[in-house]
Every structure is written in structure tokens, then in C-alpha cells.
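Using the sequences and the hints, build the whole thing.
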Amino acid sequence: MRRETQNVLLILLGGALVKIAVNGDFLRYVKPAQQPWIVAGGAVMVVLGVVAIVHDVLAARSKVTVDAVPEEHDHAHDDGHAHSARPAWLLLVPVLAVFLVAPPALGADSVIRTEARVPSSAAAASAAAFPPLPMGNVIPLPVNEFVSRAGWDTAGTLNGRTVSLTGFVVHTDGGTLLARLVISCCAADAFPVTVRLRGGEADHLASDAWIQVTGQVVPGTATKDNSYTPDFTPASVTPVPTPKDPYEY
2 MRRETQNVLL
12 ILLGGALVKI
22 AVNGDFLRYV
32 KPAQQPWIVA
42 GGAVMVVLGV
52 VAIVHDVLAA
62 RSKVTVDAVP
72 EEHDHAHDDG
82 HAHSARPAWL
92 LLVPVLAVFL
102 VAPPALGADS
112 VIRTEARVPS
122 SAAAASAAAF
132 PPLPMGNVIP
142 LPVNEFVSRA
152 GWDTAGTLNG
162 RTVSLTGFVV
172 HTDGGTLLAR
182 LVISCCAADA
192 FPVTVRLRGG
202 EADHLASDAW
212 IQVTGQVVPG
222 TATKDNSYTP
232 DFTPASVTPV
242 PTPKDPYEY
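Sequential numbering of the sequence shown, starting at 2, is according to this note's numbering.
Worth flagging that the hints you see were computed from the coordinates, not collected in a lab. Glycine included, C-beta positions come from ideal geometry on N, C-alpha and C. Misleading hints may appear alongside valid ones.
[Stated by the list, open to error] Pair ranges (Cβ atoms, derived): (1) K225 <-> G137: 56 to 62 Å; (2) R114 <-> Q213: 23 to 29 Å; (3) Q213 <-> P132: 35 to 41 Å.
[Stated by the list, open to error] Below 20 Å or equal to it, Euclidean Cα-Cα: the simulated EDC-like pairs (lysine to aspartate or glutamate) are: (4) K225 <-> D174; (5) K32 <-> E146; (6) K245 <-> E202; (7) K245 <-> D26; (8) K32 <-> D246; (9) K225 <-> E146; (10) K32 <-> D174; (11) K32 <-> E249; (12) K20 <-> D246; (13) K64 <-> E5; (14) K64 <-> E146.
Below you can see the structure in the form of C-alpha cells.
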């Protein structure tokens, strides 16, 4: 691959990083706090590519024409310094992935392949009482917090309270789950938190469909044996659009 092409690909790759950081697509891969680093990394790539192109143009203008070197020298040079251009073409893969493919966020398949577990925040909270839920007829909660309270809150602050949860549908042999993926840094360390939906209202929905459910926990159903997956009795199940940020933290 020619040097000029490599520089253009470097600019495209940097531009792709800036693009996903600006339009929010980066949330499919990393947590919001990583946005400044993505912007900075993309900007550095763009600047390096532009500087390299400018340098090559100036060098070409100032280059003095010389007689062709002897053919023997050419052969010797080629034999000793030939390099494959294949690695440079690999820069094109992430560029095409960002501009053309735009892989979706992790979903139901990841939940099925990864055992659900209690968020690390639950272990810390278990040493102290969970704070009481705010007043209101319906309390919106992250699935992360709901599972933590269901599995570890000895005070039973969820019992008898109507809550609202938002997540995506996962169908398993044991029934229909509402799930969210929790990440600490990026999608590579994602793990699921799940809630088993009773009543069958969501059984007809497709896997990965996003829904908002209101209802109440079934006390005592989140145990170590079921990976702390509490049962939930829905009062309503409403399809909702996929959120811009699909993960919890």
C-alpha cells in the first residue's frame, strides 16, 4: 500500500472515532465517561494523518531529480527491504465497520451465554441498610438496583411497592426474562442482570424487544441458586424504543 493511502486511511479511522463519539454510537461499546478519550484519540489520528500528508507534499516539491540508480542497486534494495502492505490494509476494517456496518449493542444472545450475577454494588450495600424507596405510586428503578435490592435487602424495601423497569426481552427454557447488561468500562466486561416475568404478557414478544414493565417483586425469589434472578408480577407491559444508551453502570 502506498504511503499516501495509509495516511488517508489513518484520517478516515480517526474521523470514524470522532463520528461515533459525537453522534452517540460509542455508547454501544463503552460507558459515557469514555467519550473524551474517544474524541481525543480520533483527533490525534486525524492530525497525524494530515501532518504526514503535508510533509510528503512538501518533500515531493523540494525533491531534486536524480539519475535512476543502477538496476543492480534496485534489486539489492528490494531484496533486503521489501515489506508487506497487508497490515496497512487492516486499518480499513474498523473504518468500514463504523461507517457501513455499525454493529448493534449486546443483547439477548449475550445474556443466554453469560450467567447473570448480582452487581458488585450489592455486595457493598449488603453491609449497610438499603435506603428506603422514594414516595410515589410507581417508582422507576434501574434493573441493576432492583436485582440488588431483591437479592440482598433484608429490610424488604421492595415488598409491596410498585416499580417500573426498562429492559429487553430474553426467552429461555425457564420462561421470559427482562434483562439489562451492566458494564464497568466497555462492552467486553458486560454481565447481565435479569428479572423473570410472570403472567405470560411478554411471552409473545421477540427477543431483544425493549419493554417497560410496571409491577411488584415476588419476595424471596432472588436466591443464589437462580443467580439472584427475582420473579416479577407485571401489572403492565409496554413496548418502548431502544434507548440511546442500552447499558447500565
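Comparing the hints with the structure gives:
1. K225 <-> G137: 56 to 62 Å: violated, 31 Å
2. R114 <-> Q213: 23 to 29 Å: Since the Cβ atoms of R114 and Q213 sit about 25 Å apart, the hinted range of 23 to 29 Å holds.
3. Q213 <-> P132: 35 to 41 Å: violated, 23 Å
4. K225 <-> D174: Between K225 and D174 the Cα gap is close to 19 Å, so the pair holds against 20 Å.
5. K32 <-> E146: holds, 18 Å
6. K245 <-> E202: violated, 25 Å
7. K245 <-> D26: With Cα atoms ~8 Å apart, K245 and D26 stay inside 20 Å; holds.
8. K32 <-> D246: holds, 9 Å
9. K225 <-> E146: Status holds; Cα separation ~17 Å.
10. K32 <-> D174: violated, 31 Å
11. K32 <-> E249: holds, 9 Å
12. K20 <-> D246: holds, 16 Å
13. K64 <-> E5: holds, 17 Å
14. K64 <-> E146: Since the Cα atoms of K64 and E146 sit roughly 66 Å apart, the hinted pair is violated (cutoff 20 Å).
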